[in-house]
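Construct the entire structure; sequences and hints are all you get.
Residue numbers (the numbering used here), protein chains in the order written: chain G, 1 to 362; chain L, 1001 to 1362; chain W, 2001 to 2362; chain A, 3001 to 3362.
FYI, nobody ran anything at the bench for these hints, they're computed from the structure. Note that CB positions come from ideal geometry on N, CA and C, so glycine has one too. It cannot be assumed that every hint is accurate.
Stated by the list, open to error - Once the Cα atoms are required to be at most 20 Å apart in a straight line, the calculated SDA-like pairs of lysine to any residue come out as:
| no. | chain 1 | residue 1 | chain 2 | residue 2 |
| --- | --- | --- | --- | --- |
| 1 | W | Lys2269 | A | Phe3315 |
| 2 | G | Lys98 | W | Gly2073 |
| 3 | L | Lys1074 | W | His2217 |
| 4 | L | Lys1074 | W | Gln2356 |
| 5 | L | Lys1269 | G | Gln111 |
| 6 | W | Lys2270 | A | Gln3310 |
| 7 | A | Lys3270 | W | Phe2315 |
| 8 | L | Lys1357 | W | Thr2007 |
| 9 | A | Lys3270 | W | Gln2311 |
| 10 | L | Lys1202 | L | Gln1051 |
| 11 | G | Lys270 | L | Asn1099 |
| 12 | W | Lys2202 | W | Thr2007 |
Said to hold, decoys possible - Just some of the chain L residues that point at chain W, by a computed CB distance under 10 Å:
| no. | residue |
| --- | --- |
| 13 | Leu1033 |
| 14 | Pro1049 |
| 15 | Asn1072 |
| 16 | Lys1074 |
| 17 | Pro1079 |
| 18 | Val1226 |
4 protein chains.
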Amino acid sequence: MSSSMGTILKVTTFGESHGQGVGVVVDGCPAGLPLQPADIQVQLDRRRPGQSTLTTPRDEADRVTILSGVENGKTLGSPIALLVANRDARPAEYAALKNVPRPSHADYTYQIKYGRRAFSGGGRSSARETIGRVAAGAIAEKFLFETHGIEIVAWVSAVGTVNAPGVDVLRIIRREVDQTPIRCPVKAATVKMISAVQAAGKAGDSLGGIISCVCRHVPPGLGEPVFDKLEAALAGAMLSIPATKGFEIGSGFSGSRMCGSQHNDLFVKKGGQLGTRTNYSGGVQGGISNGEPIVFQVAFKPPATIGQSQQTADFEGNETTLVAGGRHDPCVVPRAVPIVESMAALVIGDMLLRRQKPLNIP
Amino acid sequence: MSSSMGTILKVTTFGESHGQGVGVVVDGCPAGLPLQPADIQVQLDRRRPGQSTLTTPRDEADRVTILSGVENGKTLGSPIALLVANRDARPAEYAALKNVPRPSHADYTYQIKYGRRAFSGGGRSSARETIGRVAAGAIAEKFLFETHGIEIVAWVSAVGTVNAPGVDVLRIIRREVDQTPIRCPVKAATVKMISAVQAAGKAGDSLGGIISCVCRHVPPGLGEPVFDKLEAALAGAMLSIPATKGFEIGSGFSGSRMCGSQHNDLFVKKGGQLGTRTNYSGGVQGGISNGEPIVFQVAFKPPATIGQSQQTADFEGNETTLVAGGRHDPCVVPRAVPIVESMAALVIGDMLLRRQKPLNIP
Amino acid sequence: MSSSMGTILKVTTFGESHGQGVGVVVDGCPAGLPLQPADIQVQLDRRRPGQSTLTTPRDEADRVTILSGVENGKTLGSPIALLVANRDARPAEYAALKNVPRPSHADYTYQIKYGRRAFSGGGRSSARETIGRVAAGAIAEKFLFETHGIEIVAWVSAVGTVNAPGVDVLRIIRREVDQTPIRCPVKAATVKMISAVQAAGKAGDSLGGIISCVCRHVPPGLGEPVFDKLEAALAGAMLSIPATKGFEIGSGFSGSRMCGSQHNDLFVKKGGQLGTRTNYSGGVQGGISNGEPIVFQVAFKPPATIGQSQQTADFEGNETTLVAGGRHDPCVVPRAVPIVESMAALVIGDMLLRRQKPLNIP
Amino acid sequence: MSSSMGTILKVTTFGESHGQGVGVVVDGCPAGLPLQPADIQVQLDRRRPGQSTLTTPRDEADRVTILSGVENGKTLGSPIALLVANRDARPAEYAALKNVPRPSHADYTYQIKYGRRAFSGGGRSSARETIGRVAAGAIAEKFLFETHGIEIVAWVSAVGTVNAPGVDVLRIIRREVDQTPIRCPVKAATVKMISAVQAAGKAGDSLGGIISCVCRHVPPGLGEPVFDKLEAALAGAMLSIPATKGFEIGSGFSGSRMCGSQHNDLFVKKGGQLGTRTNYSGGVQGGISNGEPIVFQVAFKPPATIGQSQQTADFEGNETTLVAGGRHDPCVVPRAVPIVESMAALVIGDMLLRRQKPLNIP
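Given below as structure tokens:
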């Protein structure tokens, strides 16, 4: 298993769904950053279950404890360890799953790879693993904002077949995103989205969706070609989030249908530096940020655990009917918004710390 | 700059477009693999410019030399260094670009990041950098095929607005892909695609496209959750290829519009092991291969360098009209097919070597 | 700060001397290893303060809690997080050190590097950081013993000017090492060593020493030339332990005074495989284990914190007399024995998991 | 095999003793560094064989070619690939070694690990592998000197039993080191050393030795505790050099025999900052440079390949008498001087680029 990411800003998550707790170690954060538990808690609260009727009823306060790395409200430069206890674990509910791998879930592949799997709740493949990411991401966000004014905002831009285009990436803020529990800032779409999620939940079904994200005020020059291009690092980070199936930056797949004379972002003077008239590039060129907003989208599949019975096979290959227990979200995208923001913050934070200035030697 | 990828199978590329040459060092390939220059050359020939009327007229034979790591036709276990000389470099053609960054190209971001850029041909952001990837990928492919019978086949599934659905991922082979220079195996689409590329070329314009890829016979159990999930590593690898804007695995973005009861891949006995009836997952569950074919798509933008004049700004911000010289492809996807295959081979090869067997201790 | 080591078996420690606690995340340990807290506690008990009159009176039970990665007494393959609470922290005792960096301690360099330092107890440079190493090492040791019968034994071979040569590296076991609190198995030397430590303690002074270590039954073939040679990885691991000043493997520095005809380890048949008559190589040749016992030594300086007053300078450069408070060991080598064993286990465990078998393809 | 080192300044060497050539890729060197082949050649010339009667008669000019990463005499920020061709390879001379592993050489362990070994000249375990290190180190040295005035000087401080103490680490320069082919700046010792080497050579024997090294003007604050402490990185780098058996920094093993009141380096004002009166620490405290000269020593064993016949065993375990052919140095330390300097430069260069400044946020 590989639970670490980052070159200078290194993040290591740990914890299973129904063990003692989940957490993260953030190593490489510069010393001197003001940091309080509340800076982290605010994003954990946006991720936690039970926050609205749209999410799993599993009730976890998800209170974070800072174990190390901070003294007198400032980071020491040493590893920051964060712990969130598991409280509302109900392993008994998963008894039915002992012999039958849930379709499109990680039960089968974990069993094959590790010769066992955590007995309940998905273990390490559970969404609870993302608590560590969000906690770490909150620290990275604070670092990015305090040192460079970088703002990262994600939102739900599609739920099932309901799309919500038209968000102004230059102005969207989290308060607007959080106005409804579906975390879509386009009012016209929210009612339809919420109805769709509720209908899926009642039918014992689930829905996928898309999250869009913008990172503003990212200085030009971030990203490490050729293999650690900024968009490559973002793509890898996003596809490491559970349930993701796709990533696109800037024009993305629709850009593949355009011709160059349309797609090229022509340069123009903006304030003291060069900017571009359009932003089909999504804020990156050649793997390096160009100073324009970084804009990308992430596709999430419908959750694999559904209430409906499924005609599938047990581990031995015998046909069986599975009726899954446990408590699950009919649609994960509202709670995944802070996860996407956090992964973006971790990638950009690492790139900022990896950047080297060119020399000026005659 | 970060020109290395991989944890056990480590690949380091080097070289600029118009320097002495380009190449790669492949470290971590197991000893004992039969390897001849021809094993590598075959994929370089599919990538090289000038191979058809659809590609840049820059004429490079791109002959590979094995500098180290192979003796008596077998790998030694030591780093395999490969070199391809640059021959048809014409730096003079790029003189016009000295003061004007090409829109949507890496000229501006390299200048900002490195305080300079290779004077001609895009330097390190040139497509010639991918020679090292293809050469390394050919070695990885040989390793995967000889040890596990793994087959990797990519093809062009869209050029601009011309789509080519319906390819049978279980049967498609490279010979079918290579029947036309556009590298699309769907005959009905190839004529339209070729016409579109030729029309774009004549108009001094360029076209994007999509490449699809299947990896067959990948054993279950590959991928390292949580941050190095197989799909995350593939996404990162693909988005590190020049001109890419998107990645999706299995159902991808269209999966986000489905509900769980449709999307779940129900298990069924296949031969001696579990398989799935459908493959919306694209061969991965929870970040780990499940034994089904790994299927993904990569979106490429239209090349930034076009013959048409563009109203843009120079480095100082002054408005100017750019007419780019140099020799370029109107559409890169046919030549990018072996690049996608190679990056897939490098990711899967590394995951295969990173895999640890579970212990069986009472 | 860089608190992680290892390529496949990755270890990340966290925690300051006087914060909430210290701990470690061990990622990459194969699934299926039987593991109980007692497997870890036994080594922590050998490391903990207050275990004898020779060590610091700081009283810490150092009880370990397994937060994740283990279920039903077996490892899951997921990250194993371990936590040890700090209990007997007395930050007040360090007030005198606020303005004066302790000579030969990390106070000054931490202040320069991080712009601050943990206020008390040395923070991250404290010996308490090694708790995470020992806890992780105990897991690695269990893995090495259960899968390959590998035994690692370290002992004190010198305290100050008292040497204890003549230990039989083929037979020495931990029970013999632990017969006296000085952890030297050579009876003739122990009385002198203990007296020397007690005398130094009474004089407000401190003593250095040397730890020797043997790793038996390490299979041939471990180590990754050229930069991750087994001896290079061991050297780096040992010199990362606080207070270490030197490392030598096999003949070490004395080998530099020999000629080749003496020093060469001639091959001889041993059981079914090749062994060597002598072992000046210390179990490695060309960076790779050769099947002979791996034997090395680590030099520790006398602890920097002493009771005697010292004529030094404060952070501003003003001359001052420092009388350090706090509770400290007059000689660290007895407690460092399990640390050396643990670092050896982590290095060998990682090399075992990194090893690739050569292919056998005609 | 693992042929890469470094986190930001990444170095990857390649090449066997008797293949086409040896070389290195240096990635992560900042853009804008003035660099000519002569900057590199000067150190290669100090390493090359045949430079004096004390070294192997193998005659290699070892001319370096810069393949990439430099344009108009300045680094581009992209990977710098360097190649040195092998010319005077004589594989035939090694025929006798086919069935008999040379004692204390890597023949046996390579055969075990890789299932084969390069047929002649030691392949990857040959001293020729260090050409890449020296070439890369020369670039790092230039970077360190141009940006921080850092000077690195190594010298031979012992050959066999002949010691040469008393070198002034504050003043020693390379010109003094190079005054004799033995590379020892202590005149009184050089004659004895040279005689000893010549006698060993005539006797078909070999001699070990010790190299000392000082790095001056290293700014305080370099090194990444806890696992990548500066001394840990140096120890790992030095023990990765072929034929090394030991490393010590500052007081080293002799420091283990001292008491703290002697060993502690008391602070004193030096110019505008704190320095220490003594330097038993060797320029590091807590794993971080303190601004004092970094001083360390490396022990080299006598070369394993000797002219005398040896009673050993072949690969099958049969007793045999080995008389090795090939051309070898009776003592490697004179030629290893630039290797030690280079490894030090690579470690310090990487640490300089990894360093993060603390934040100053109220």
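Results of checking the hints against the structure:
no., hint, verdict
1, W:Lys2269 <-> A:Phe3315, "holds (9 Å)"
2, G:Lys98 <-> W:Gly2073, "holds (18 Å)"
3, L:Lys1074 <-> W:His2217, "violated (31 Å)"
4, L:Lys1074 <-> W:Gln2356, "holds (16 Å)"
5, L:Lys1269 <-> G:Gln111, "holds (16 Å)"
6, W:Lys2270 <-> A:Gln3310, "holds (18 Å)"
7, A:Lys3270 <-> W:Phe2315, "holds (12 Å)"
8, L:Lys1357 <-> W:Thr2007, "holds (16 Å)"
9, A:Lys3270 <-> W:Gln2311, "holds (15 Å)"
10, L:Lys1202 <-> L:Gln1051, "holds (18 Å)"
11, G:Lys270 <-> L:Asn1099, "holds (18 Å)"
12, W:Lys2202 <-> W:Thr2007, "violated (45 Å)"
13, Leu1033, "holds (5 Å)"
14, Pro1049, "violated (33 Å)"
15, Asn1072, "violated (13 Å)"
16, Lys1074, "holds (8 Å)"
17, Pro1079, "holds (9 Å)"
18, Val1226, "holds (9 Å)"
This entry does not satisfy hints 3, 12, 14 and 15, going by the numbered hints stated previously.
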